[in-house]
Amino acid sequence: MKGALVHQLTAGFARGDAISHEAMALGKVCRDAGFQSRIYAPAGRIAPDSAGDVCPLSECRPSAEDIVILHYSIESKATDVFLRAAGRRVLLYHNITPAEFYEPYDSEVAGALRRAREALPEVLRAAHAVWADSAFNASELQAMGAARARVFPLIFSPEPLDIPPDPALFSRFAGEWTNILFVGRIAPNKRIEDLIEAFAWFHRNISQSSRLIVAGSDRSAPAYFAMLRMYALELDLDSVLFVRFVSPEGLAACYRSAHLFVTTSLHEGYCLPLLEAMHMGVPVIAHGVGGVPEALGGAGVMYDGLDNRQLAALFAEVLSNPELRSRILESQRQRMRQIYARSVGAEFLSLVSEIAPEG
Amino acid sequence: MKIIIAGTDRTEEMLRAIETRARTFAPVSKYSPQDSALALRSAANPDEFAERFHALLRHHRAINTDSLDAPRRPGAIGAVIYMAKQLMWRLLRHQHHRVTGQQNAINELLTAAMDLHRDATRRKIESLEKRISELEAELSRLRPEERR
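Chains P and W, in that order, give the protein sequences.
So that you can map any letter, position 120 of the first sequence is 120 in the numbering used here, and since no number is skipped, the others follow by simple counting.
So that you can map any letter, position 14 of the second sequence is 14 in the numbering used here, and since no number is skipped, the others follow by simple counting.
The hints are simulated quantities; they were obtained by calculation from the structure and are not laboratory data.
Accuracy of the hints is not assured; some may be wrong.
25 Å max Cα-Cα, derived SDA-like pairs, lysine to any residue [stated by the list, open to error]:
| id | chain 1 | residue 1 | chain 2 | residue 2 |
| --- | --- | --- | --- | --- |
| 1 | W | K2 | P | E317 |
| 2 | W | K30 | P | A226 |
| 3 | W | K30 | P | L237 |
| 4 | W | K2 | P | L266 |
| 5 | W | K30 | W | A76 |
| 6 | W | K2 | P | S320 |
| 7 | W | K30 | P | N205 |
| 8 | W | K30 | P | A126 |
| 9 | W | K30 | P | N308 |
| 10 | P | K77 | P | A33 |
| 11 | W | K2 | P | P293 |
| 12 | W | K124 | P | L237 |
| 13 | W | K2 | W | T20 |
| 14 | P | K28 | P | V352 |
| 15 | W | K30 | W | E108 |
| 16 | W | K2 | P | N189 |
| 17 | W | K2 | P | K77 |
| 18 | W | K2 | P | M336 |
| 19 | P | K77 | P | S171 |
| 20 | W | K2 | P | E294 |
| 21 | P | K77 | P | A99 |
| 22 | W | K85 | P | S171 |
Please take these sequences and the hints and turn them into a complete structure.
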């Protein structure tokens, strides 16, 4: 089977996007394991700066010996290509954000999410193998009858973070400030408004020398982003810094300046930024939803059912209690040792060996 | 309610500590729920969102110059720096108010321009919808061979 071509189909491709990042990382795993790898996305959905990394979907013509992996999270032309593709078809399920989150902000995205969920049974039937990037996501597929769903966790590679930080951003975040960080797409399911409100309680009542840094692309929900800007203004918070999409050096600057990483998300398939924060030695506080408990693996702080005022007090506890902080950091180091020890190549080969030949 | 720290359930003791602290907090928002940006989350669709966003913009167009928001650092040096900042603020206040006054006026003009543009677009859409209805009614009165 080695030497076969692995075609990865994505709904779109852009630097900083989690699934694009996963496709790139999986491409490297494929090559290291002796396969060839190519990534495809619909021509209109490839970011200009990524054109060299990805081919237009129309060029995808797999043979019967090839492996075709569909990264599935939203409806796209990639699904149609997958359903018709020759070769061994693998569904890699990244979860589908519930459409309700997008309804007030973007009907098109909400429709594409709804249709993706409706089409999922057909995609499952067409797949020779079903992989999910977290046990949470696999359990969702198993509940739909896909008993053979296997877990292939998101690939974490520390190298992109272990680089010198962007000096301009690093010096901007320096000083005697407490920096609270969120990294991720600015999307309604992330409930960034809850984080902003919790930060407002903290900033007003605990430490005026504090900042909330929100790093992530605002392209997927511009209306939601506008609402967040308005909300920060309403709370009179000029210390909420939306740095939007950042380069790898910029991301390194964000993590190196952070004293606390927080996510208040309501829907997560896994949450890779939690691993990034733990790798960078930043204590994390995360809302325990979806794949978050799995990503944390017993490390950091996980909460559920707190209101934003209580959450602010929890920030204060973690930031001001050295004993608590060092226990959290130790648990995170332990978790990261498990992540570093993972043999992604062996996992991949084992999963590939299970794929039934076509027909 | 749950607080898990480093894999251990510490809800009971942590909740007690954070509740004690949180009870002393002063409120953070002066907006009523219907005037808050968060009300946008209940919009049924993007059109309703845009309508509500436009309406809320009126509450957010003015720059707040009520207070000096300078972080106060601990210690004697922190106190001196804070006093210096307060003095600078008094000196600069007049010029600063002039600038923010201009910015508020510009914001109001922009909001008014958006209102005018929205009303003009609405009128245009209404007239086009009326014209389409008239044409559809005319078309339905024609015999099939006359519809070409």
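Outcome of the hint check:
1. K2(W) / E317(P): Judged against 25 Å, a Cα distance of about 15 Å means the pair holds.
2. K30(W) / A226(P): Measuring from Cα to Cα gives roughly 20 Å; hence the hint holds.
3. K30(W) / L237(P): It holds: about 13 Å lies between the C-alpha atoms, which stays within 25 Å.
4. K2(W) / L266(P): It holds: about 15 Å lies between the C-alpha atoms, which stays within 25 Å.
5. K30(W) / A76(W): violated (33 Å)
6. K2(W) / S320(P): With a Cα-Cα distance of about 20 Å, the restraint between K2(W) and S320(P) holds, given a limit of 25 Å.
7. K30(W) / N205(P): holds (15 Å)
8. K30(W) / A126(P): violated (54 Å)
9. K30(W) / N308(P): This hinted pair holds, its Cα atoms lying about 16 Å apart.
10. K77(P) / A33(P): Between K77(P) and A33(P) the Cα gap is close to 29 Å, so the pair fails against 25 Å, i.e. violated.
11. K2(W) / P293(P): holds (13 Å)
12. K124(W) / L237(P): violated (39 Å)
13. K2(W) / T20(W): This hinted pair holds, its Cα atoms lying about 17 Å apart.
14. K28(P) / V352(P): The hint holds at about 15 Å.
15. K30(W) / E108(W): Holds, at roughly 21 Å.
16. K2(W) / N189(P): holds (21 Å)
17. K2(W) / K77(P): Given pair K2(W), K77(P) is violated - Cα atoms ~42 Å apart, limit 25 Å.
18. K2(W) / M336(P): holds (24 Å)
19. K77(P) / S171(P): violated (43 Å)
20. K2(W) / E294(P): Holds, because 16 Å separates the two Cα atoms, which is no more than 25 Å.
21. K77(P) / A99(P): holds (19 Å)
22. K85(W) / S171(P): Within the cut-off at roughly 22 Å; holds.
When held up to the earlier numbered hints, the structure conflicts with 5, 8, 10, 12, 17, 19 and fits the remainder.
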